[in-house]
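Visitor: Next come the chains, spelled out residue by residue.
Number of protein chains: 2
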Amino acid sequence: MIKLYDYLPSGNGYKVRLLLTQLDLPFERIELDIVKGETRTPEFLAKFPNGRIPAVEFEDGRRLFESNAILWYFAEGTSMLPADPFARARALQWLFFEQYSHEPFIAVARFLAMYPKLADDRRAGLARIMKLGYDALGVMEAHLSPREWFSDGKYSIADIALYAYTHVAGEGGYDLEAYPAVRAWLERVSSQPKYIPITRV
Amino acid sequence: MIKLYDYLPSGNGYKVRLLLTQLDLPFERIELDIVKGETRTPEFLAKFPNGRIPAVEFEDGRRLFESNAILWYFAEGTSMLPADPFARARALQWLFFEQYSHEPFIAVARFLAMYPKLADDRRAGLARIMKLGYDALGVMEAHLSPREWFSDGKYSIADIALYAYTHVAGEGGYDLEAYPAVRAWLERVSSQPKYIPITRV
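Same order as they appear, the protein sequences are chains D and P.
Residues -3 to 197 in this note's numbering are what the first sequence lists, from first letter to last.
Residues -3 to 197 in this note's numbering are what the second sequence lists, from first letter to last.
I should point out that these hints are in silico values taken from the structure, not numbers from a laboratory.
Hints should not be assumed to be uniformly reliable.
Remember, identical chains collapse to one label, so a pair may be satisfied in a single copy or spanning two.
[Claimed, not checked] Calculated pairs, BS3-like style, for lysine-lysine (alpha carbon to alpha carbon, straight line, at most 30 Å):
| id | residue 1 | residue 2 |
| --- | --- | --- |
| 1 | K32 | K150 |
| 2 | K43 | K127 |
| 3 | K32 | K127 |
| 4 | K113 | K190 |
| 5 | K43 | K150 |
| 6 | K127 | K113 |
| 7 | K(-1) | K150 |
| 8 | K32 | K113 |
| 9 | K(-1) | K32 |
| 10 | K190 | K127 |
| 11 | K113 | K150 |
All chains should be built: construct the whole structure from the sequences, respecting the hints.
Guide: Below, the structure is given as structure tokens:
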């Protein structure tokens, strides 16, 4: 069975849990507490040198890390990833947008709010983090205003990747009031068959 | 012809210039000065809502942004991207590693050094930026020590993506002395046929 190294509050982990559940792919979840450094042990780093979850390990020993690369691998050949080359590139565009322009702000604001007593150098830059997170929400709002989904007119891993931290952006202090297209899209995602909430497995 | 919106000092732009050159795909380069805000004009944002280069526009009006998604699109079906599904996922893993754990530190340190008088909130966090950039170099060194390339035993877009800012890491104050496998790999990349330097087009 697929082993998923995971951390339940993580939106990046949730992406993989949600996709595997929606694809009916069974997996064993191994919970690691990132705040306690459980992804930075010599044993974990020997398998996954970047020291982050989610990470997957197959029965034959093959391993893969980076949440969006994992989504891509499992979505290949399913309805969750388009077949057309340009539509695929556009799905990938949104996956990179999520990791570069969205997650480092919207997920980080939530993380800092979840652990208010944790020393973290990023706390001093919170105003910039909040601003750039709102910029990402603005890009999403503009894209979704005339559309239902991020890629190719249907629900795909581009939606899963962006949904993961957007739907809990409020936990980091973001107000989605001014983003009606984003809010409607969040509802569409959470209405998909076999949907699971972020902290239920 | 393909239009590439670009900024010559950008490693992200260089990735696309290098790949298109190595694939013999002709392109027209449109230089935009990111420091002067030329990627944040209403005209550019109407085409590319994230306001970043590189971005490509095709003759039929289709558009694509995010450097690594652009690499993936053009590399598909060539020797620069493996055919095996798992090898592809691993190449993608390194592309995401580059954008999440490498570029935000190694490229940003270089940017801040290139424009020492530019007001930038990130300057206060430079010590953390330098540390995390070295962490990324450590992950690369560990991967490359027993290997020649990032993905599937041969030169691919995973190498182009990681090469772009690693080979100019010194401009941001990084010392690669302790990373001999990385230095040997930089030499291998720059010895590839049809290689072009970062600021020559």
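Visitor: So, for every hint listed, does it hold in this structure?
Guide: We went through each hint and held it up to the structure:
{"no.": "1", "hint": "K32 to K150", "in the structure": "neither (39 Å within a copy, 37 Å between copies)"}
{"no.": "2", "hint": "K43 to K127", "in the structure": "between (36 Å within a copy, 22 Å between copies)"}
{"no.": "3", "hint": "K32 to K127", "in the structure": "both (29 Å within a copy, 20 Å between copies)"}
{"no.": "4", "hint": "K113 to K190", "in the structure": "neither (36 Å within a copy, 53 Å between copies)"}
{"no.": "5", "hint": "K43 to K150", "in the structure": "between (35 Å within a copy, 22 Å between copies)"}
{"no.": "6", "hint": "K127 to K113", "in the structure": "both (22 Å within a copy, 22 Å between copies)"}
{"no.": "7", "hint": "K(-1) to K150", "in the structure": "both (29 Å within a copy, 28 Å between copies)"}
{"no.": "8", "hint": "K32 to K113", "in the structure": "within (14 Å within a copy, 39 Å between copies)"}
{"no.": "9", "hint": "K(-1) to K32", "in the structure": "within (21 Å within a copy, 48 Å between copies)"}
{"no.": "10", "hint": "K190 to K127", "in the structure": "neither (34 Å within a copy, 41 Å between copies)"}
{"no.": "11", "hint": "K113 to K150", "in the structure": "neither (41 Å within a copy, 46 Å between copies)"}
Hints 1, 4, 10 and 11 from the earlier list are contradicted by this structure; the remaining hints agree with it.
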